[in-house]
Every structure is written in C-alpha cells, then in structure tokens.
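Undergrad: Everything in the sequence shown is counted per the working numbering, starting at 1 for the first residue and increasing by one.
Hints were generated in silico from the structure; no laboratory data involved.
It is possible that part of the hints are untrue.
Claimed, not checked - Simulated restraints, written as ranges between beta carbons of each label pair:
(1) 36 x 97: 25 to 31 Å
(2) 73 x 101: 15 to 21 Å
(3) 77 x 49: 35 to 41 Å
Where is the CB? At the ideal position from N, CA and C, for every residue including glycine.
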Amino acid sequence: MIRVMGLYHWADGARFDAAVYAGEHAALSRRLLTPLGLQRLELARFLGGAAPRPGELIAATFADFPDLASAQAALAAAGPELAAHVSRYSSIQPQIRLCELLT
C-alpha cells in the first residue's frame, strides 16, 4: 500500500480554512482520485493550545493507493487540478510525500 501525503506547514500570515478543506477539497479529491485507484482518503487538522509557529505542521491529507504505479498515475492525472484548488482554502502550498505502508 502506498500513501500519498499532503503536508501543510504553517507560515506567518498564512491562511487555512479547515471547513473548505474538509468539505470542498475532500469531495473534489474523492471524485478525482477514486477512479484512479484511491482506496482511502483522510484529512487531518492538528490541534494545539496556542497559535501555530512557523514550520509547524497544521494539517495533512492521506490518500492510500494499492501500489506505487497507481499513486504516481493519480498524481500525474489529478495533481494539477487538486493543486489549483488549494488556493480556495489556503495560502500554504502542501509538501507532497509518498511512503510505503509496511504494516
């Protein structure tokens, strides 16, 4: 199983609308990625007691695919549209990482 992660790190003056992220962006992600092999999608917002500090992880998207080829094909096909949608909810550009789930 391959997990594609979109990691959002806070920057001074950044904007992040968790409601649009969890609503519109999640729906768009499912619509675009499910036909491309998406098996599971989770969006997370990290909680803290104080205002986030620069560089602190504030949110993450986890999209699971059966294998590396499916994940890479999905990124190639849907990545540009998903990346363009980020501006609807955030000024932070996510860092995209792929990992292999071992257990």
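Undergrad: For every hint, state whether the structure bears it out.
TA: Hint check:
In this structure the hint that residue 36 and residue 97 lie 25 to 31 Å apart at CB is violated, the actual value being about 18 Å. With their beta carbons about 18 Å apart, residue 73 and residue 101 fall inside the hinted range of 15 to 21 Å. Checked against the hint of 35 to 41 Å, the pair residue 77 and residue 49 passes, with Cβ atoms roughly 40 Å apart.
Violated hint for the displayed structure: number 1, the only one.
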